[in-house]
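Trainee: Next come the chains, spelled out residue by residue.
10 protein chains.
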Amino acid sequence: MTRAQLTEKILDIKRERNWTWKQICAEIGGVSDTLIVGALLGQMKLVKPLAKKAATLFGLSEVEERMLNEVPYRGTAMPPTDPLIYRFYEMVMVNGPAWKALIEEEFGDGIMSAIDFDFHFERMPHEKGDRVKIEMSGKFLPYKYYGAEQGIPAYGYKEE
Amino acid sequence: MTRAQLTEKILDIKRERNWTWKQICAEIGGVSDTLIVGALLGQMKLVKPLAKKAATLFGLSEVEERMLNEVPYRGTAMPPTDPLIYRFYEMVMVNGPAWKALIEEEFGDGIMSAIDFDFHFERMPHEKGDRVKIEMSGKFLPYKYYGAEQGIPAYGYKEE
Amino acid sequence: MTRAQLTEKILDIKRERNWTWKQICAEIGGVSDTLIVGALLGQMKLVKPLAKKAATLFGLSEVEERMLNEVPYRGTAMPPTDPLIYRFYEMVMVNGPAWKALIEEEFGDGIMSAIDFDFHFERMPHEKGDRVKIEMSGKFLPYKYYGAEQGIPAYGYKEE
Amino acid sequence: MTRAQLTEKILDIKRERNWTWKQICAEIGGVSDTLIVGALLGQMKLVKPLAKKAATLFGLSEVEERMLNEVPYRGTAMPPTDPLIYRFYEMVMVNGPAWKALIEEEFGDGIMSAIDFDFHFERMPHEKGDRVKIEMSGKFLPYKYYGAEQGIPAYGYKEE
Amino acid sequence: MTRAQLTEKILDIKRERNWTWKQICAEIGGVSDTLIVGALLGQMKLVKPLAKKAATLFGLSEVEERMLNEVPYRGTAMPPTDPLIYRFYEMVMVNGPAWKALIEEEFGDGIMSAIDFDFHFERMPHEKGDRVKIEMSGKFLPYKYYGAEQGIPAYGYKEE
Amino acid sequence: MTRAQLTEKILDIKRERNWTWKQICAEIGGVSDTLIVGALLGQMKLVKPLAKKAATLFGLSEVEERMLNEVPYRGTAMPPTDPLIYRFYEMVMVNGPAWKALIEEEFGDGIMSAIDFDFHFERMPHEKGDRVKIEMSGKFLPYKYYGAEQGIPAYGYKEE
Amino acid sequence: MTRAQLTEKILDIKRERNWTWKQICAEIGGVSDTLIVGALLGQMKLVKPLAKKAATLFGLSEVEERMLNEVPYRGTAMPPTDPLIYRFYEMVMVNGPAWKALIEEEFGDGIMSAIDFDFHFERMPHEKGDRVKIEMSGKFLPYKYYGAEQGIPAYGYKEE
Amino acid sequence: MTRAQLTEKILDIKRERNWTWKQICAEIGGVSDTLIVGALLGQMKLVKPLAKKAATLFGLSEVEERMLNEVPYRGTAMPPTDPLIYRFYEMVMVNGPAWKALIEEEFGDGIMSAIDFDFHFERMPHEKGDRVKIEMSGKFLPYKYYGAEQGIPAYGYKEE
Amino acid sequence: MTRAQLTEKILDIKRERNWTWKQICAEIGGVSDTLIVGALLGQMKLVKPLAKKAATLFGLSEVEERMLNEVPYRGTAMPPTDPLIYRFYEMVMVNGPAWKALIEEEFGDGIMSAIDFDFHFERMPHEKGDRVKIEMSGKFLPYKYYGAEQGIPAYGYKEE
Amino acid sequence: MTRAQLTEKILDIKRERNWTWKQICAEIGGVSDTLIVGALLGQMKLVKPLAKKAATLFGLSEVEERMLNEVPYRGTAMPPTDPLIYRFYEMVMVNGPAWKALIEEEFGDGIMSAIDFDFHFERMPHEKGDRVKIEMSGKFLPYKYYGAEQGIPAYGYKEE
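Chains as they are written, first to last, in the UniProt record's numbering: chain A, 1 to 160; chain B, 1 to 160; chain C, 1 to 160; chain D, 1 to 160; chain E, 1 to 160; chain F, 1 to 160; chain G, 1 to 160; chain H, 1 to 160; chain I, 1 to 160; chain J, 1 to 160.
Honestly, the hints are just simulated from the structure, not real lab data.
Hints may be right or wrong, so weigh each one.
BS3-like cross-link-like pairs, simulated, lysine-lysine; straight-line CA separation at most 30 Å [stated by the list, open to error]:
hint	chain 1	residue 1	chain 2	residue 2
1	G	K53	E	K14
2	D	K48	B	K48
3	D	K9	A	K133
4	F	K53	F	K9
5	B	K52	D	K9
All of these numbers come straight from a predicted model, not from anything done at the bench.
Pulled out of the complex, with its shape left as it was, chain A reads as follows (with noise of 0.2 Å):
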């Protein structure tokens, strides 16, 4: 069995129960809906006791359960020819380097974990037509190299 069988029997039982993901996460709960749909899609890790109940939620087999614990091969194919994930793959193409230059003078030389981050979204109503809020948080992480004695960090890379 691979992974994306698994998501294919998960998302034909879903179909079949005319469930909604809003019903799927409140069943599951704990954290958030995304890292949720994205277990289920395939792309994700549920902790084992989240994973429990997924299977029971889907009556899937104990093997299925360990399935559902276990860290998939991520990524989806790229560039995104979806239109509702092509938007957000063109705000990074457009906006990326406005962001690298505003981030790294605030921060310094590093990154913004795309691993230790959260993210959330909403309705945000709007009389000229409804928004999607997004708030995400990510840890930054500054680059850093050690020095030339080995294992002792010289130089931090953040300037003060």
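Fit chains B, C, D, E, F, G, H, I and J to the known structure of chain A by using the hints.
Mentor: Below, chains B, C, D, E, F, G, H, I and J without anything else, positioned relative to chain A:
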């Protein structure tokens, strides 16, 4: 003169005068920093009063000022090889399918606009290491196709 | 079941019953033919009443009907290798820069939406060989970035 | 001199004199704006009388005038990274299969020409936001293969 | 059933009965061999009377016969890895610019159609080794853009 | 000096003197027009007497004449974005499999040479629009692999 | 049945019977090992008497035997990800320009055939570690273009 | 001035003065050689005191010194065509899946940071040929997603 | 049976029996964990005694045991989309040029072998978060080209 | 100065003085022609005494001489578009799998080195057309992974 040559000139001046983006944005003002830096890096247009301010600040010619007011051919090379920008790309690649599922369930068929959107980031102090906090909102645009009678919307795409 | 398998099944039924797309669109009705055919080929969503009609017409199960009502992962392989589709691609490749220059001069900085747009084609008889006539209109979406005070639009992007 | 250098020169002059494309097209006239702008951007050929007018307008040398009359090596980088042009690309990517199905059913096996076609766009006022209206027509070219006796068409491709 | 599955079935039958393409083309007849073989390999459409003959020859079902009469999604993977096909690709890659220069000088701005064209090859005996002789002709299609008054051709593209 | 710079120089001279390729080929003569134009565009080598003639015609230096006599690094960017060249590419992409099947059946395993081949095109007047007529022939090269005893051909590849 | 399926079947049998390629090549014989192994892996054609021997050895059906006698669609995915094959690819990538310069100086304009060539490798014992010794020879094919009079070679390409 | 131009200048000076990287790193000091060489080649930032030392050593202007202190747009062309760098790429390509399995089993879901890591290499004498010995360590970053209550970590990702 | 199918079977068994890679490697033993896990994932060969142990452990057939002893077609899709593997790829992309400069200065022209190398990783406890510590060594292979007299090394590549 | 600029300068001098590669290699001598030509084309390093000879021959500066002694960033664009180089690429693409099977069976798991190898070609007269004869040998490098105890080779990879 190409837009890339103008960007190189602006960066040379910034370096010579030892300015920060913060100082530059404070001088030009009026719109978000992302937009101002994006325009100076050749990805955005500055509206006329701001292009004038930028030209004064950098000592640009009238023709260069007009170029800042032109819509550039947007977009940068993908996939990004720079680690800071790549992390945003990775977020889209890994989380795109989950975002699609959740946004479509909440809003119906459509996209979050990458054109009518705002973006804001700030430092979020944290004891285990400061975080980059990002807030953005984009107008939701429902997919629309019109009815058999040309120009007469029949069914909207959003289900009741 | 994947969406591609549903498309293959629908095409098999169409072939067996010797139906034309015209007949199928007339049966399902309500929205433009492009939308109906696009949905049956796996690129669009059919709203519930139309998905029901399509399911009745093709004798689909309730689960298959629900799948027609789902938003698919859109997009097809590019560059198109099929000559008919390639000609449209070529129009964009050759004329894109001119369209960009003219539309931006008329409307300001922004895009013509590929989401809120309609499309109609018809045969245009011509003595030297009939022509395909296409009419489409898409909402113009001006580029917007908000001001330094978060959420407060300052300058719109369209110049006076 | 390359065609790209000529385009850069023309854009420099346009910027210096603060002309609009509308003004330029009105001066040169005779053919559609898309063609004139396309030629000045290096994707189209201007016929001799128009190349002469353009040369007079921009103060070009005789050699530069001849270059405007040459057929350029057409085509721009794909996929387009600029959002305005990408939206057209996306229309083809998402709707191509449906267009193919409908056009072939109406016209038989063949293509809509990207060579013998006209293109026109205009502003379509709309209370919820103006729309870009595009009309184009292209000659339908039926696929033809000739019979076993070389040069003797046997079956045409269009079915009765 | 997909077109690729039909092609595989046809090739299996050809192999079992030990037929040559020559024999198959002689049985189906009416159009050039390239078209018949192309259709059986899934790149062309067979008109109805020929699809019927092919179906009788290969013992195909009525549905399979209809599929042979459908326009396939054309095109194969590029660049070609097969040496025989690559040589044709190389001819275009190396000689394309010269062909473009010579054809445009003789015919004006336009293309040689890949849709309305015929193709014929034969063995040309030669003492130093036989040669493949190819003759093809394609309709020349002049580039046309219509005048400012919509639909009224002004200047044709071919210079006097 | 690079070959591309020499090509640009030659094109500048051709434009200044308002020559046609026909005139240039008539002056240089001796081999087919495709070869002469190909060499001047940087894809072919001119043999010494022809390189001398070309140098005299264009007023080139002795070093430039020698460069015309060198074998260039052949090949141009693929896929071709120019419509005229793309049509040839499309012919190979769509018809390649049929050509392969027919040529191999007639000649056995091997290729039609793209090295030892000739090419000729002419205008073919036609009431519905003139056609480009192309004739080419290439030596057939049978695939050969030699026997277990090194250098001793055992089985040829062409079946009796 | 596809050629890939036949290859998989042959490899399964080889594994079950614990045969080496040496044993297989000794049984089939007549041509070089590279050809026999290449054909069993789906990249080459076996002439009829050898296809018969291979079919007897592996217990293949008559149809499978015919498939071994067919010319396959040649070529494998590039760049090669397997280290052994990549090293050959790297040799071409790094040394290609030097080989081109030296071969063209010795032989004139043309290529070393990849069609009419033989290949042999053997173990070359060496005290610092054995070496793989490869000998190959390919027919040199001079570039030829024929003269203005169609079919009459004028200048050959090789200079005196 | 671009960063690539600064790199070229630095390499020219290094060549003229016949310096080794070892000498240069000893002069600048303070951090690991990889960092110093990386910065001089345009892939890393030098902190201010080191940029000053480098500027003194190479006789750079104040503006060039500031550029060395800027974070560059990182990344080089991939796949690497240079054999030395390709071997590292190959290690990742071949061993990546095993490293992923083993690291995730030991550390849980997450990554080894490419930002907070150190790298050291040295010559390891060996009788059969010296070896390159590499030691590196990178901080393990566990994947984190926060709970349904925004900002409140619920389950950590690492299983007990 | 393909190697990918064997990998899928092995992963299914590992999941069913709830084994860790550590347990599996301890059972098979003899070589490093990277090699054992790599072989079970289809990237490496297990020598016969280890393949036998693995077969016993997983209950594989004799044919499957032989497949584990075969050299697979190595390599995985690049660029890696999985974040853990991407970080290694990024290290090569960003630091490759510096590693090349330093290794070549120390060892002369050549490469660090990706074939004769060993790899070891371990957890390195750290108060700010544990680190992944990696040690590897690869044989340095100097670039060698032999002298004009075939087979007689003249200059070695390493300078005195 | 870049290496590409040095190559262009060397080619200009070679052209002006009308030298052949044979003459140049005879002057520089000591190593194989492939190496010398490769170095002058920017793909190889010349050891010091040879770089000195080359500098004297071409009248290069001391800095240019040092550059010839540097290891360049190797590799050229792939796939090769030049027909001569492509034929070598095609040999690898078509025959790679067979070479892999045969070499691994003879030598065990490993590669033939592209670093420690020699290459020699000569003209092989033949009545049907002369042939290019190539001999090369590369050291076989067995795949090695060391045992669980770090640095202690356990099983070699080559089976008895």
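Trainee: Against each hint, give a clear statement of whether it holds in the structure.
Mentor: Results for each hint:
| no. | hint | in the structure |
| --- | --- | --- |
| 1 | G:K53 to E:K14 | 22 Å, holds |
| 2 | D:K48 to B:K48 | 37 Å, violated |
| 3 | D:K9 to A:K133 | 44 Å, violated |
| 4 | F:K53 to F:K9 | 16 Å, holds |
| 5 | B:K52 to D:K9 | 23 Å, holds |
The structure is inconsistent with the numbered hints 2, 3, although it conforms to all the rest.
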